[in-house]
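Engineer: Sequence:
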Amino acid sequence: MSMNHSLHAGRLTATSRFAVIAGKLIKYGFGSLLAQLGVSRFPWNCRRACTLSKDMTPSARLRRVIEELGPAPVKIGQLLSMRPDLIPLELCDELKGLQEDVRRERFEDVRAVVEEAYGTALENLFIEFEAEPVAAASLSQVHRARRKDTGALVAVKVQRPGIRKILAADLEIMAFLAGLANERIISLRTARLPDIVAEVHKSILRELDFTNEARSMLLFNQIFAEEPRVFAPDVHPDLARESVLVMSFVQGRRLDMFHGDPETRRDLALLGLNATVRQMLEYGFFHADPHLGNLKIVDEDKICFFDFGMCGRLTPDMRSALVDYIVALAKNDPTRVAQVAMDMAVSVPPLMDEQRFEADVMFILEGMHVPLGEVNLGRFLLDLTNLCRDYGIFLRSDYILMARALLSIEAAGRVVDPDFDSLEALRPVAARYSLRRMVPGLSDKTLLDNLEQRMDELVNLPRRITKLLDTAVAGKLSVELHQSDFGHFPDQLRLIGNRLGGALITAALIIGSTLVYISDVGPHWNGVPALGVAGFSVSGLLGVFLAWKMFRGT
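Sequential numbering from 1 applies to the sequence shown in the UniProt record's numbering.
Hint data in this document are derived by calculation from the structure and do not stem from the laboratory. The reader is advised that the hints may include incorrect statements.
Said to hold, decoys possible - Restricting the straight-line Cα-Cα distance to at most 25 Å, the calculated cross-link-like pairs of lysine-lysine (DSS-like) are: (1) K96 - K24; (2) K202 - K96; (3) K165 - K24; (4) K202 - K165; (5) K27 - K96; (6) K296 - K96.
To be verified - Simulated restraints, written as ranges between beta carbons of each label pair: (7) G38 - D238: 31 to 39 Å; (8) T211 - D109: 33 to 41 Å; (9) Q355 - G252: 48 to 56 Å.
No residue lacks a Cβ here, since even glycine has one placed at the ideal position from N, Cα and C.
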């Protein structure tokens, strides 16, 4: 791996960055791993680090390493925490606790990023631009501002200066170490470390381009154009750039800070879940990270979704599979759940023990049928993902994002309503989409109209049956039969009988002639039984005659 390129505006070289990473790994007891890779030897430091970290699990130690390396590795860790198909579930859960470096960038550096993106002075675009950010994350920070041309109050999301170079260097180092591990540590080859780094790299590149986020926000608001209670901030497309995103400024409260009445809280929990599932099932597009920090309650009864840096896409087959999952879970059907999981897979080992896999699915399902408020569809899907990984079943990445999104929105719903039962709430949704799948293009209105019509018919059915039975008991029930062209029926019946009789006679002659021929009964003609030859001849002529009559009749 090349280590001679510069990082962070020339202040950091790749070689020194690698030394920093190696030092943190050694500090938290991973020096022996570096030694196995053959990149360095630190025997004293390894012993000392292991002593300092003996009370921490390997996953906890790795989380501390990532946190101390800064915002770029934290972002990588956060992405990995959403991918239990790539790393063990224990590590996923640990990385979910990563604390972001909320260090604020200097306003001069923020100004430089904005002016580079637009090619003009900041004052030409905004009459107000607050130097102190209202929010900060690993890749960016958000400032409140006011547009100069329209006077609109906006939120300006600005990428951290130099973050692209730092991420590029860290990902290159990760790829280098993953390649070495795959080559030199046989036990790690099944972990597909190079594939993991490649997957993370692809996700990072998508998230670093804010124009992708702008398109996702526009699509989200189109989806919910007729549902005013669910929305995202309005994007200002004319100011959307790779490193800067401008949107309407939305004031709201976090879900964990909302203290409405129980009915309102229950309604908001259901609203968030239905919004997420609707994105998935109707449009195959969804916000992949709807955790508490990305949701706000506006005007007491609306939910605003923020941060569309990570979104998922579902094919029609994957949408259908989600419906199947919900229905199978409601029926407690492990066989169907296991089959859907294998159908969703990119690859399944050819000699996999399917019965054992189904038994393990049943074990996970048993944990689903727990008291109200504890059922967790998202957790089940992630547990199933972990099980698939153990069996060597590789799932599509967007399926994992779907499971993680459901887990996040369920967790957010339970913050608002602790007794929220997501599976119970999803049953009617799954039923509706099952009908839509059987009748493509069926809208909610058409479905409701048809349901009302069938309900009317069902209500009137007992009365109609009673009337029919009363008529029959009174001896007034009559049945009329009509046979068109009945005069030719006897002739047709006679013809069928003649043909059937002829066929039976022919078959009997063939069987009898065969028996005579085999028994070699005399007299003989040219060394063969004469009766057998005569029988074959007569049956042959009769068969030809019957075939001719049938052909002629047709």
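Engineer: So which of the earlier hints does this model not fit?
Structural biologist: 7, 8
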